[in-house]
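Here is what each chain is made of, one letter per residue.
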Amino acid sequence: MNAVKIAWRVTRLNFRSQLEYRTEFLLMVAIGAIWQVSVIVFATVLLTRFTGMGGWDSSDVLLIPATRMLAHGLFVLVLGRMHGIGRFIQEGQIDVYLLRPMPVHRQVQLQYFPTNAIGDLTVATGLMAGALSRSHLDWNAGRVTYLVVCLVGGMLLEAALFTAVASASLRFPTADYWSRWLEELLGTFGSYPLNVLPKAVGGFLTFGIPLAFVAYFPAAVLTGHGHDTGVPYWLAAASPLIGVLAYLASRLLWRWSLNHYTGVNG
Amino acid sequence: MIGSIEVRSLSRSFHTTVRRPGFTGALRSLVNPERAVKHAVSDISFDVAPGELLALLGPNGAGKSTTIKMLTGILTPTSGEARVAGVVPYEDRERNARNIGAVFGQRTQLWWDLPVRESFAILRDIYEVPGAEHAARLKEFDDILELSSFWDTRVRHLSLGQRVRCDLAAALLHDPPVVFLDEPTIGMDVVVKEQVREFLRHQVEQRGRTVLLTTHDMTEVERLAERVVLVNHGRLVLDGTLDEIRRKYGSTWQVRATLADAHTDVVPPPGITLLRQEGPQVVFGPDGPDAPTVHQALKAVIERYEVTGIAIDEADLEDVMRAAYVHAGPGAEGA
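Residue numbers (this note's numbering), protein chains in the order written: chain C, 1 to 266; chain P, 267 to 601.
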């Protein structure tokens, strides 16, 4: 209970401190939104120029970027401080966290308020609202619940990928550059039905970097394309579970890496 | 034991890549890296009693910070054992964290964007310090460190001296029996340094805290520490009181005398050597391991010669430590 109280207190204070720098705050919100401009352009082109993609109706395709972006916004808000941790490691901030009687991972998440998440989530919510309003599906309680669970699973899967890179950064701080590549990759390929890509690329984005489990498989299951994804239906449907398992595995990796942390500057 | 530090055969090694010279060497290292083991700390043992302030000294890269990092739970030793207030720091990091306070002069443990007082309040919640106790302790710290004039300022806007004073307070707000200070006064002006020293003296003498301090400031060592552990090249080379160190490495005094008769045949007393003579001006120094102290030498010179003027230059602690560092080269044996 005390942990929740502390987390809430720090988050509130961090948010308040960001609000006090008005221009900086607005710029951060704006960058969060503008960062998603490629997805917005993709959605606009999709809806205005094409009737579908890879055998999917365009309104069904729209559910993929909407799911990915909302999962991404939640990730940035809740667990996103793992992204870009290299600088903090090089500045010796991890040493400071290790001096406090509090899990290091939690302290990393509480180090500042991610104002850009407001922009991310605003755009993502708008896109999801648009996708749902154009959808021809029956959004019953079961489907809505599955969508919500998939959003959480997608958030955890993205968090797992960045936590894995952050774990490597504990040993090699420059590994943090990989997180930029990862973000670029998720942003570039996360909006498409992966069956339009060459098989090797699709395979890599399923079993190498498991991007397919963030939004493509969940959207496929929701829209009735779950049997045409190239993986067993049950695996596609279990995407949220994959997210949970990947996240738990990444936290174990983080803990192991922290136990082998060698510090900076001797 | 509460407040004690016990270090037994503590070692920490790091694996590094040997850098080959030149561009070709760099390419060769990339293709076929040559690995080497760097022993940052080798087989160090010492104790710090409850309520004692110990200065851990040594040149840059000697292994001081690595030792402190192992004792604070940041690093796990390669071998050996350490207990801080009865806890093995690297095995039970969070429990150890409740027993210790730490200040690294170059880094802050305060929240960069928050006013200092908010950071103090968060730390109060993290360490679960009762409100009244927190307020009383904050007042005590404010009386010496004068924090209240800037504790509503965000950390990012504080000067170095203000920031480190706040860090000191933050490190002690939960009343830890053991405190680690890694170059806490680095970069501070003399006034603030003295304020910090007074605060530390108060914490040791009045509150009975155990303090392990690393510093390159010998004035700080003289003012605060009675006992010193000297490390060099990762090895402990000396563990003793300041007097013992002065006796071992500090015999670098000089006695300058003006003789009444410039033609006096100068034959120095035993244990003393003639360093220079220019007319009636003579300079004596210590000779050999059984050299007298500066005061004994002064007496001996006055008794032996007729002098019209005399002065002494005694090595300060910085000279003594310089001599100790030079003697304590690689492979030096513990004293």
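One thing to keep in mind: the hints can contain errors.
To give an idea of the chain P side of the interface with chain C (calculated C-beta under 8 angstroms), a few residues [as the list claims (entries may be wrong)]:
id, residue
1, GLY339
2, GLU357
3, ASP358
4, ARG373
5, ARG383
6, GLU449
Between beta-carbon pairs, the in silico distance windows are [to be verified]:
id, chain 1, residue 1, chain 2, residue 2, range
7, P, GLU347, C, HIS260, 17 to 23 angstroms
8, P, HIS423, C, ALA30, 23 to 29 angstroms
9, C, ILE209, P, GLY474, 17 to 23 angstroms
10, C, GLY130, P, ALA292, 49 to 55 angstroms
11, C, HIS260, P, GLU488, 49 to 55 angstroms
12, C, ILE31, P, GLU347, 49 to 55 angstroms
13, P, ALA292, C, ALA30, 41 to 47 angstroms
14, C, THR125, P, GLY474, 23 to 29 angstroms
15, C, LYS5, P, ASP358, 20 to 26 angstroms
16, P, HIS423, C, PRO101, 26 to 32 angstroms
17, C, PRO101, P, ARG383, 16 to 22 angstroms
18, C, GLY84, P, SER345, 56 to 62 angstroms
19, C, THR125, P, ALA292, 32 to 38 angstroms
20, C, PHE172, P, ASP441, 37 to 43 angstroms
Simulated from the structure, these hints should not be mistaken for laboratory data.
No residue lacks a Cβ here, since even glycine has one placed at the ideal position from N, Cα and C.
Each hint tested on the structure:
no.	hint	result
1	GLY339	holds (6 angstroms)
2	GLU357	violated (10 angstroms)
3	ASP358	violated (10 angstroms)
4	ARG373	holds (5 angstroms)
5	ARG383	violated (11 angstroms)
6	GLU449	violated (12 angstroms)
7	P:GLU347 to C:HIS260: 17 to 23 angstroms	holds (19 angstroms)
8	P:HIS423 to C:ALA30: 23 to 29 angstroms	holds (25 angstroms)
9	C:ILE209 to P:GLY474: 17 to 23 angstroms	violated (56 angstroms)
10	C:GLY130 to P:ALA292: 49 to 55 angstroms	holds (53 angstroms)
11	C:HIS260 to P:GLU488: 49 to 55 angstroms	violated (40 angstroms)
12	C:ILE31 to P:GLU347: 49 to 55 angstroms	holds (50 angstroms)
13	P:ALA292 to C:ALA30: 41 to 47 angstroms	holds (43 angstroms)
14	C:THR125 to P:GLY474: 23 to 29 angstroms	violated (57 angstroms)
15	C:LYS5 to P:ASP358: 20 to 26 angstroms	holds (24 angstroms)
16	P:HIS423 to C:PRO101: 26 to 32 angstroms	holds (28 angstroms)
17	C:PRO101 to P:ARG383: 16 to 22 angstroms	holds (21 angstroms)
18	C:GLY84 to P:SER345: 56 to 62 angstroms	violated (35 angstroms)
19	C:THR125 to P:ALA292: 32 to 38 angstroms	violated (50 angstroms)
20	C:PHE172 to P:ASP441: 37 to 43 angstroms	holds (38 angstroms)
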